[in-house]
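There are 2 protein chains.
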Amino acid sequence: MNTLASLTGELALAREAVAGRLRGVDPDDIPAQRKAYDAFAENDPLPEGAGQSTIDLGGVSSLGVLPEGASGERVILWMHGGGYVVGSSVSHRGLGSQVAAAAGCAVVLPDYRLAPEHVYPAAIEDCVAVYHAVLAEGVAPEQIVLAGDSAGGALAVSTALRLKKEGAATPAGLMLLSPWVDLSCEGWSYDAKSRRDPFLTASSLQARAKQYLGAASHDDPGIDLLNADLRGLPPTIIQTGEAEVVLSDSTTLAERIGAAGAPVTLEIWPEMFHVFQARYPMLTQARQAITRLGAWAGAHLRS
Amino acid sequence: MNTLASLTGELALAREAVAGRLRGVDPDDIPAQRKAYDAFAENDPLPEGAGQSTIDLGGVSSLGVLPEGASGERVILWMHGGGYVVGSSVSHRGLGSQVAAAAGCAVVLPDYRLAPEHVYPAAIEDCVAVYHAVLAEGVAPEQIVLAGDSAGGALAVSTALRLKKEGAATPAGLMLLSPWVDLSCEGWSYDAKSRRDPFLTASSLQARAKQYLGAASHDDPGIDLLNADLRGLPPTIIQTGEAEVVLSDSTTLAERIGAAGAPVTLEIWPEMFHVFQARYPMLTQARQAITRLGAWAGAHLRS
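Note that the protein sequences, when read in sequence, are chains A and B.
Per our numbering, residue 4 is the first one in the first sequence, and the count goes up by one each step.
Per our numbering, residue 4 is the first one in the second sequence, and the count goes up by one each step.
Bound-form chain A, shown alone (with noise of 0.2 angstroms):
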């Protein structure tokens, strides 16, 4: 497990390289924090041949990659991570499209509006609009899948959960990469896990948590997701890693998923960080995961 060997090589160098995304970057100064987490990730390469364009999908500004071959008619609705606070379409086209690639369908990455300028529920509120945009274009509902990671996996859920209550149909599924979904953070890994996890601690993301919920309670009925009423959702992939301090995020929200009634597959990646997949560049493990992610999206949407 912790052993020297487990740490070399690749591995080491891309947690290295996560661990230094933001180092050195004042965390009060949000403007310098976006750019630098965007910076870190920007020139991830695309799949080979991929086109993109910004679109406004119900006044949000978004980037659609439609991959070599893929059909345009079938997407991937990808809320990227960044704690609510800072990431991006810049940040996450790498990822998103290299999974869209293995499904072999087009990734939508909106950029919704961002904490500490804007709280709860406008992220949400701007995912739903997207949504519903989607749709416009004439994407069936079986022919998307929500996705995200970390707080982006929440905003999935959440999303999801909007549109049962709004009476809308479902999509096809739901893949979320280590789901931030516990804002009190009280999870048992946020301890168990904070030896291993090159990144992430209770105490940052707790500040992250301040700065999205704005007045809001992490108990707030819109905002717990794991006591939430999960009923209606669709059919569920979680990947999460073992290293990571919301593990416990992943393997709750799985356990109340399906017990709420919808397939669920759950994945714990060993040794793997948060959203281990985004470093497909250097890890192997990244390009293993994001080509069962795909397989998995393209089984779910319809043709």
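Hints are computed from structural coordinates only; laboratory data are not their basis.
Don't take every hint at face value.
Which copy is meant is left open, because identical chains are indistinguishable; a pair holds if it fits in one copy or across any two.
[Unchecked claim] Lysine-lysine pairs mimicking BS3-like chemistry, simulated, CA-CA at most 27 angstroms apart:
#1 Lys168 / Lys196
#2 Lys196 / Lys167
#3 Lys213 / Lys196
#4 Lys38 / Lys213
Given chain A, work out where chain B should sit, using these hints.
Same frame as chain A, but now just chain B:
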């Protein structure tokens, strides 16, 4: 979810069939219980053209089944369920051989010693002996998947932990169908799913636990797998039904095996009952689940 529609057709028939399996049989007449349990499944079809033979492995009578065209050098070692008290190679040869056919390998089903005549740890000792005997036949550890359903799932995990303790090479994988590992029967689903489960109850399971434990306690370190040292286990897949009281055994076990460092896949199947895969002759989801188990085993067994 619990709608009339979901309980009509083949699912309703499958639930009723399984629930009626031991109806009217005196619970205290163990031989009659075993006879009825075997009779229920003994005519479940083997894969067409499969050959079967009874073999002695380490002093334990076992049934080997080789599906047509499958490799006899790759083996699923299947610990049958039945609450440690009933069940046999006869009741489980259908299920085991169908998974083996899907994986393209052989299956071996040990008739380990049953309770109450033989209490803990007799069954585990038998399974360990069979594993070593399979190795002695020239099959490598990387060519063996340890599988088990219900109580057999716990036996598969216990066997792997014994092998680790001995310093023996671990098998290629663990394949667990609705594993029953919480002999206290106190997990959340024992109550929460009591109205959805067509035949298992906390009290019926507690009775089985009592027969198996003899003088041991359910929190004996050799029994309480949820609190055991689970490091060093091989890649693990767990399938569970949503409509069964032992659902929390699967979710908790998946979380703990994954947190301890093994690659884990957990699948939660909506509306499915305990070891629903065994009803493959009549239930679509059973056949789908078997296909997935076979693909997983095939991918993890060394050629």
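The hints, checked one at a time:
1. Lys168 / Lys196: Intra 35 angstroms, inter 25 angstroms, cutoff 27 angstroms: inter-copy only.
2. Lys196 / Lys167: Only across copies: Lys196 and Lys167 sit 24 angstroms apart there, 34 angstroms inside one copy, limit 27 angstroms.
3. Lys213 / Lys196: within (22 angstroms within a copy, 36 angstroms between copies)
4. Lys38 / Lys213: within (21 angstroms within a copy, 62 angstroms between copies)
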